[in-house]
Amino acid sequence: MKEGPLLEAVSVAKHYPVKKGIIVSRQVGAVRAVDGVSFTLHRGETLALVGESGCGKSTTARVVMRLIEPTGGDIIFKGQNVTNVAGAKLRALRRHLQIVFQDPYASLNPRLTVADTIAEPMAVHGIGDAASRKARVQELLRLTGLRAFHADRYPHEFSGGQRQRIGIARALAVEPEVMVLDEPVSALDVSIQAQVVNLLGDLQQRLGLSYLFIAHDLAVVKHVADRVAVMYLGRIVEVAGKRELFSNPRHPYTRALLAAIPRPDPSRRGAVTPLGGDLPSPLNIPPGCRFHTRCPVAQAVCREQDPPLREIAPGHTAACHFAEDLPRFDAEADGGIAPVAQRRLAAYAAARERRALAAVPAP
Amino acid sequence: MSDSLLRVEDLRTVFRSSSGDIAAVDGVTLEVPRGKTLGIVGESGCGKSMLSLSIMRLVPNPGRISQGRVMLEDRDLAALSPAEMRAVRGGDIAMIFQEPMTSLNPVHSVGDQLMEAMRAHDAKASAAELKNRAVEALRRVRIPSPERRFAEFPHQLSGGMRQRVMIAMALACSPRLLIADEPTTALDVTVQAQILDLLRELQKETGMSVILITHDLGVVAEMADEVAVMYAGRVVERGTAKDIFEDPQHPYTIGLLGSIPRIEEDRERLLSIDGSVPPPFAFPKGCRFNPRCPFVIPACKEADPPLRELGPGHRAACIRAPVELALDIAA
Numbered sequence: 001m002k003e004g005p006l007l008e009a010v011s012v013a014k015h016y017p018v019k020k021g022i023i024v025s026r027q028v029g030a031v032r033a034v035d036g037v038s039f040t041l042h043r044g045e046t047l048a049l050v051g052e053s054g055c056g057k058s059t060t061a062r063v064v065m066r067l068i069e070p071t072g073g074d075i076i077f078k079g080q081n082v083t084n085v086a087g088a089k090l091r092a093l094r095r096h097l098q099i100v101f102q103d104p105y106a107s108l109n110p111r112l113t114v115a116d117t118i119a120e121p122m123a124v125h126g127i128g129d130a131a132s133r134k135a136r137v138q139e140l141l142r143l144t145g146l147r148a149f150h151a152d153r154y155p156h157e158f159s160g161g162q163r164q165r166i167g168i169a170r171a172l173a174v175e176p177e178v179m180v181l182d183e184p185v186s187a188l189d190v191s192i193q194a195q196v197v198n199l200l201g202d203l204q205q206r207l208g209l210s211y212l213f214i215a216h217d218l219a220v221v222k223h224v225a226d227r228v229a230v231m232y233l234g235r236i237v238e239v240a241g242k243r244e245l246f247s248n249p250r251h252p253y254t255r256a257l258l259a260a261i262p263r264p265d266p267s268r269r270g271a272v273t274p275l276g277g278d279l280p281s282p283l284n285i286p287p288g289c290r291f292h293t294r295c296p297v298a299q300a301v302c303r304e305q306d307p308p309l310r311e312i313a314p315g316h317t318a319a320c321h322f323a324e325d326l327p328r329f330d331a332e333a334d335g336g337i338a339p340v341a342q343r344r345l346a347a348y349a350a351a352r353e354r355r356a357l358a359a360v361p362a363p
Numbered sequence: 001m002s003d004s005l006l007r008v009e010d011l012r013t014v015f016r017s018s019s020g021d022i023a024a025v026d027g028v029t030l031e032v033p034r035g036k037t038l039g040i041v042g043e044s045g046c047g048k049s050m051l052s053l054s055i056m057r058l059v060p061n062p063g064r065i066s067q068g069r070v071m072l073e074d075r076d077l078a079a080l081s082p083a084e085m086r087a088v089r090g091g092d093i094a095m096i097f098q099e100p101m102t103s104l105n106p107v108h109s110v111g112d113q114l115m116e117a118m119r120a121h122d123a124k125a126s127a128a129e130l131k132n133r134a135v136e137a138l139r140r141v142r143i144p145s146p147e148r149r150f151a152e153f154p155h156q157l158s159g160g161m162r163q164r165v166m167i168a169m170a171l172a173c174s175p176r177l178l179i180a181d182e183p184t185t186a187l188d189v190t191v192q193a194q195i196l197d198l199l200r201e202l203q204k205e206t207g208m209s210v211i212l213i214t215h216d217l218g219v220v221a222e223m224a225d226e227v228a229v230m231y232a233g234r235v236v237e238r239g240t241a242k243d244i245f246e247d248p249q250h251p252y253t254i255g256l257l258g259s260i261p262r263i264e265e266d267r268e269r270l271l272s273i274d275g276s277v278p279p280p281f282a283f284p285k286g287c288r289f290n291p292r293c294p295f296v297i298p299a300c301k302e303a304d305p306p307l308r309e310l311g312p313g314h315r316a317a318c319i320r321a322p323v324e325l326a327l328d329i330a331a
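Note that the protein sequences, when read in sequence, are chains B and L.
Take the first sequence: its letter number 362 is residue 362 in full-length UniProt numbering, and every next letter is one higher.
Take the second sequence: its letter number 68 is residue 68 in full-length UniProt numbering, and every next letter is one higher.
A few of these clues could be false.
Claimed, not checked - So the derived list for chain L, only partly shown, Cβ under 8 Å to chain B, looks like this:
#1 G160
#2 D188
#3 Q194
#4 E246
#5 S272
#6 I273
Don't read these hints as lab results, they were simulated from the structure.
Each residue gets a CB set at the ideal place from its N, CA and C atoms; glycine is no exception.
All chains, please: the whole structure from these sequences, using the hints.
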């Protein structure tokens, strides 16, 4: 029998009240940051939540981690409803759900050594004694590609990529089952970004982790995710397996996102088609389909009826009245790397491999 | 007769420190073709922003240009007096930055800031005339209802609108060269596409040259005619966009191309570059990329290789290029 989902969000909502008046304050509206989001995350899987800034992806992740209290909906972890657990039970839950933040410069305490930073979650959860924690810190440093002597250093001594590795080691310290990765590579340089993406993949394979990967960069998502959920203005508008989403997107917004990515290929110049307009304010969500104000194929019905997220193929859901009627669109089609460049990349990979082998110290 | 608008020759920008001068830009030579876009690519710390500040003569203290020339046609900007340079900035060369919110003054309306920039270059114009021109400038960068936006403050605008205002300001005095330092890095991808589109259209309209500084190879491929790849204060490869993307020669360029995740393919692992960019006070001897380079041989640690021509207009600073041959010899 198939195992149920590890983590499940059911119609999760987070509304922030907007108040007016200083002495007598009354609510005049609500910012609907997250407005009925449902998804499932299975063991060993990576689910990517993508969208532009302000779409509610980070808020969603924080709500399912219980870092922010939801306004509505349920959060189910391993079959148990954990929406309202508190106290010791909540702490126990936190051990299984850990987060890695975007900015490695802001998310590490500058006054703690790396060893203290990594050991702190273990102390909070009462895991092991000082000696076993010290040994575990060493193990985690190795696991994340850092060196043993790094343990006694302070965050300012590290580069961005190394700091992100420290953040990952800290999250791993309490052996979580689910890791929320909130834009873990968007603050890093490209060459470093690739190192961290590769590290996350290795760790997932070795430790059987489940990732909820928050990102705005669909190209990165293409390399890490198993399934992708696209968010727009507090709602999920499309969910599909990675291949399906990139080769056969069925929501106009997903298509717009894919079409807006500049490709590293000068022969395709000018193929980018920008989406008009700006993201509407979550204070003032448009009636009907929330994307209709910017949608290139919007019809009268889109202004009146909010399309529900419905299954259009097994494992592929989209919230669009015309999901089936859209013409073919394949973001994976054509392009690719020129043959000479391809050869050079292969030579680079081979030389790197050889160098890595040569660097392994003799026993 | 050269067809380049700006020529940077052997430029060196140094910062004084207790242990001697540290060079953030070290012997950079490049040309900006007339009416075209030069893309400068590199990771943080490679000196690309310091290069653009050097061109504008805006290097922060205690930095200074210690060597080289910056030729705008036949004038050496590096030798101009501060007053002459002020007329060049905003007049001949304008610049836009990454974070539009920090470049705009939050307590003045967008229109006032635009008019201030215009007045600096035209003291005689009346207020009404300046206002007309400012509204026109906003219209030119495709800002909807520019009359209303004129009176608004920066916080009332979205990130994309703010960058449009910055572009309007930069173009107010019809510069011949626009330096855009990571103009879309802080923006969402759909907004980025709008801004890049706008820059391209404006370039077509005005015939200005553009220096586009970015770490995003996708943006370079989309915009640049010529590309210079920088690493640790030096240009390591130069060529047309086609050269760089289809025939990359320097191992750093190859590593960068391998590091970018691509939509159209599905690789399990990305090719990454080992290690990280060294800080300017710890540049290694010889080729600066040698500690991270998989093709390194002892000679790479001896002398810093100069740029050498590998094709018409295509130069790379690597003694091992083309690398697939280097690999066969080593094998």
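Outcome of the hint check:
1. G160: holds, 6 Å
2. D188: holds, 4 Å
3. Q194: holds, 4 Å
4. E246: holds, 4 Å
5. S272: holds, 4 Å
6. I273: Holds. Min distance 4 Å.
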